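2 protein chains.
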Amino acid sequence: MAGFFLEDLSVGQSAELTRTVTDADLVAFAAVTGDDNPVHLDEAYAAGTVFGGRIAHGMLSAGYISAVIGTRLPGTGTVYVSQMLRFRRPVRIGDAVTTTATISGIDLERARVGLSAVCAVDGKVVLEGEAVVIAPRRPAA
Amino acid sequence: MAGFFLEDLSVGQSAELTRTVTDADLVAFAAVTGDDNPVHLDEAYAAGTVFGGRIAHGMLSAGYISAVIGTRLPGTGTVYVSQMLRFRRPVRIGDAVTTTATISGIDLERARVGLSAVCAVDGKVVLEGEAVVIAPRRPAA
Chain P
0 MAGFFLEDLS VGQSAELTRT VTDADLVAFA AVTGDDNPVH LDEAYAAGTV FGGRIAHGML
60 SAGYISAVIG TRLPGTGTVY VSQMLRFRRP VRIGDAVTTT ATISGIDLER ARVGLSAVCA
120 VDGKVVLEGE AVVIAPRRPA A
Chain A
0 MAGFFLEDLS VGQSAELTRT VTDADLVAFA AVTGDDNPVH LDEAYAAGTV FGGRIAHGML
60 SAGYISAVIG TRLPGTGTVY VSQMLRFRRP VRIGDAVTTT ATISGIDLER ARVGLSAVCA
120 VDGKVVLEGE AVVIAPRRPA A
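Those protein sequences? They're chains P and A, same order as listed.
Numbering that gives the first Met the number 0 applies: residue 0 is where the first sequence begins, and numbers increase by one.
Numbering that gives the first Met the number 0 applies: residue 0 is where the second sequence begins, and numbers increase by one.
One chain only, chain P, in its complex shape (with noise of 0.2 Å):
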């Protein structure tokens, strides 16, 4: 149980988390989703495409934005109401991601926040969007 109220938040409060990716991310995320790409898997065909060797699923950094925002901002009770995702650069393994989720607007009365999100690998921007989520509401004391 981590993070924030409704009633505790406020626009331009941010979160982040980074995460490294791994060859055991990459192979782990295909069997889940069935997602088995060889761009994501296998290096010789990957050598062979205009990113120069394997790259992560993209959704693998969306799944970063749904941490940020599950787990720390709002945290703990949110629920997803939509998510955009702009796919800006590719993401390599070995490449520490920082996902950075700010606060953009509150609806208080809907319990709706909106949230800006951020992926980024050495200051560079791989993946951007917007999300909306319902906020937990404080319980009534």
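Hints in this document: simulated from the structure, not taken from any laboratory.
In this text, all values refer to a predicted model and were calculated from it rather than measured experimentally.
Some hints here could point you the wrong way.
[Said to hold, decoys possible] Under 8 Å between C-beta atoms, here's a sample of chain P residues computed to sit facing chain A:
#, residue
1, Tyr-63
2, Ser-81
3, Met-83
[Stated by the list, open to error] Some but not every residue of chain P turned toward chain A, in silico, with C-beta under 10 Å:
#, residue
4, Arg-18
5, Asp-24
6, Ala-29
7, Asp-35
8, Gly-57
9, Val-67
10, Thr-70
[Said to hold, decoys possible] Covered by chain P, per the in silico footprint, the following chain A stretches (three or more residues, Cβ under 8 Å):
#, region
11, 20-33
12, 51-63
13, 77-87
Backbone N, C-alpha and C define an ideal beta-carbon position, used for all residues, glycine too.
With the hints as your guide, set chain A onto chain P.
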């Protein structure tokens, strides 16, 4: 290597994939992304939420969309540009999620392809949204 070149795609063309969510999938997805929100992992906690039990990470279903696009339509060689996701209903362990992607638009000059994607369980939409991808061109003969 599976899928289609840009020149072979047509509006209305679709592909699908069905995956049944397991407990192990949620554990692995949490480990890979860092999203260890207890609503996905802790039955005792989840039973007390509005969902009444553990639910899958929304981004797991998003991964199924990526799988259809990256392995079937357009398939190998496809590059993700953007993905909108609207989470409609929870997905539970044991649910068979059928993900369908349908081509909604093709820009031959820019090699951009739009797809509408729907994840459904027992015919009910759990996740939907639009993707934009770059499809691989047929190599010159």
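Evaluation of the provided hints:
1. Tyr-63: holds, 6 Å
2. Ser-81: Hint on P/Ser-81: holds, closest Cβ of chain A at ~5 Å, below 8 Å.
3. Met-83: This interface hint holds because 5 Å falls under the 8 Å limit.
4. Arg-18: Because about 6 Å separates P/Arg-18 from the closest Cβ in chain A, which is inside the 10 Å limit, the hint holds.
5. Asp-24: holds, 5 Å
6. Ala-29: Holds, about 9 Å.
7. Asp-35: The hint holds - P/Asp-35 has a Cβ within 10 Å of chain A, the shortest such distance being about 6 Å.
8. Gly-57: holds, 5 Å
9. Val-67: For P/Val-67, the interface hint holds, since the closest Cβ of chain A sits about 9 Å away, which is under 10 Å.
10. Thr-70: holds, 5 Å
11. 20-33: holds (count 7)
12. 51-63: It holds: at least three residues are needed, and the region 51-63 of chain A offers 7 whose Cβ sits within less than 8 Å of chain P.
13. 77-87: Coverage by chain P holds for the region 77-87 of chain A (10 residues, Cβ < 8 Å).
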